[in-house]
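Undergrad: With chain A held as given, fit chain B onto it using these hints.
So the sequence lines, in the order shown, correspond to chains A and B. Under this note's numbering, the letters of the first sequence match residues 20 to 131, in that order. Under this note's numbering, the letters of the second sequence match residues 13 to 285, in that order.
Be careful, since some hints might not be right.
To be verified - Which bits of chain B does chain A cover? Going by a derived footprint, with three or more residues having C-beta under 8 Å, they are:
#1 48 to 57
#2 101 to 111
#3 132 to 146
What the hints assert, rightly or not - Sample of chain A residues lacking proximity to chain B, with all beta carbon distances greater than 12 Å (derived):
#4 M20
#5 L22
#6 Q27
#7 T31
#8 Q35
#9 A50
#10 Q51
#11 T54
#12 G93
#13 H99
#14 T111
#15 V116
#16 A121
Source of the hints: derived by calculation from the structure; they are not laboratory data. Since the structure is predicted, the reported quantities are computational estimates derived from the model, not experimental observations. Where is the CB? At the ideal position from N, CA and C, for every residue including glycine.
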Amino acid sequence: MELLMTEQTADTLVLQPIGRLDLLTAGEFKAQLTTAVTEGKRRIIIDMAHVSFVDSSGLGALISGLKAARRAGGDLRIAHVSQQTLTVLTLTTLDRVLRPYASVAEAMSTDD
Amino acid sequence: MRRPVIFLSPHFDDVVLSCGGTVARLADAGYNPLMVTIFGGEIVDELLTDFARWKHHRWGILSTDGVRAARQAEDKAAAAILGCHTRWLGFPDAIYRGERYTADSNLFGTPAQVDQALSDLIVAEVCSLPEWRVGAIVFVPLAIGGHVDHQLTYAAGQQLAAMGATVWAYEDCPYAMHTPEGVQRRLAIVGDEVGALHIAPIGNAAEKRVAAILAYHSQVPVIFRFSNDVGTTVRDHMRRAGGGTPAEHFWPLQATFRVSDSHYEQGVLLWSC
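Excised from the complex, chain A in its bound form (with noise of 0.2 Å):
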C-alpha cells in the first residue's frame, strides 16, 4: 500500500493511501499514523478514495489511528469511502465510530 500526504498544516494532515488496507498492510499504517501523531498532526483526515479493499485488521489501524489522535486532543475522521468499505463498516458496527464524510473538505469543516 502507498501512503501519500496531500495537505497539512500545522495540526492537520490528511493522507490518502492507495491499494488494499488489510491485515498484511494494517500494521504499516497504523505505525504511520502514530508516527504523524507524535509529530504533532492531532487532526488526521484519510482521503479513502484510492483504498480498493478494508478488512477488519485495516478498521482496527484506523480506530488505532482514531485512538492515538484523541488522546493528542484531535480526530481522525475518513472520507470518500467505498461501498465494500461502508458494507464492512456497518457490519461491524464500526460506523458509530468512524463516520464516513462525503468529502476532505467536508470532513475538515464539521464540527462534531
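TA: Frame of chain A, contents of chain B only:
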C-alpha cells in the same frame, strides 16, 4: 509440503482454553500451527453500551485504553508456551456491536440476523491469510454454550469445509467444563452437521495447555471464579475427556467427515497422518 493448520479462536483465549494440548502437540510434530483470533478488535468508548460497561465492571476493566494490547500480550505469551504463531483480526466482540446484544440471554442466543453476514467476512479474511492454502486443516469451536461469536466462527468453519478445507470442531472450554450437559445440548442442535466424537490424546502437552491458560492473567480469575484451583480443574477435565489419560474432544464437520471417512474409520487422527 505439510498442509497449514489454522486454529480459529473467537476471542483471545478460546483455543488455548479448549484445545491447547493439541496445538502444542502439532507444534511439537513440526506442523507450525497458527492461532487466529477473530473478534479481537480495538475498543473505543463509543462501542460501550450499558451491557458492555456492566461486563467491563465485572471483568475489572476500568478503561478501554490498553485492553487490546494487554490481551494480545497474554495471547502471545500463551502461544509461546504452546509453540504456535498468532494473528489477530479486527472484528469487534459481540458486546461491542451496538444494540445487537444487550443481555447475556441474547449474547448466548441466536446470532442477530445482520451478524450472520459476518461469517462471510470471516471466511474471506481467513482465506486471505498468508498461511492459507487450499486443503488447509482448520479448527473451529463447536459453539458449546452458544456464545454468538462462537456460533459465527462455527458457521465460518462450515463454509470453509464446503470449500474443501478439513475442518474440526473443538470442545469449547470452559463452557464444557462448567456445564457438561451443554455438550449434548449443542450436539442436538448441530445434528448431522458433525460426525462422531474423536478423542485426541495429548499426553505431556496437557501441562503446556495448563501453563498457557495461566498466561491469560486478566481472564483466569473471571473464567475460573467457581474453581479453587485452575490447574486441577483443567487437568481433571482433560483426564475425564480421555477416560483416565489427558485428551481433548473434536468433531469433524460434515464435509470433512465425508472426505476423511477412511481415516476416521481407522480411528486415526487425520492431522497426525
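Undergrad: Going through the earlier hints one by one, which of them does the structure break, listed in rising order?
TA: The structure breaks hints 14 and 15; every other hint is satisfied.
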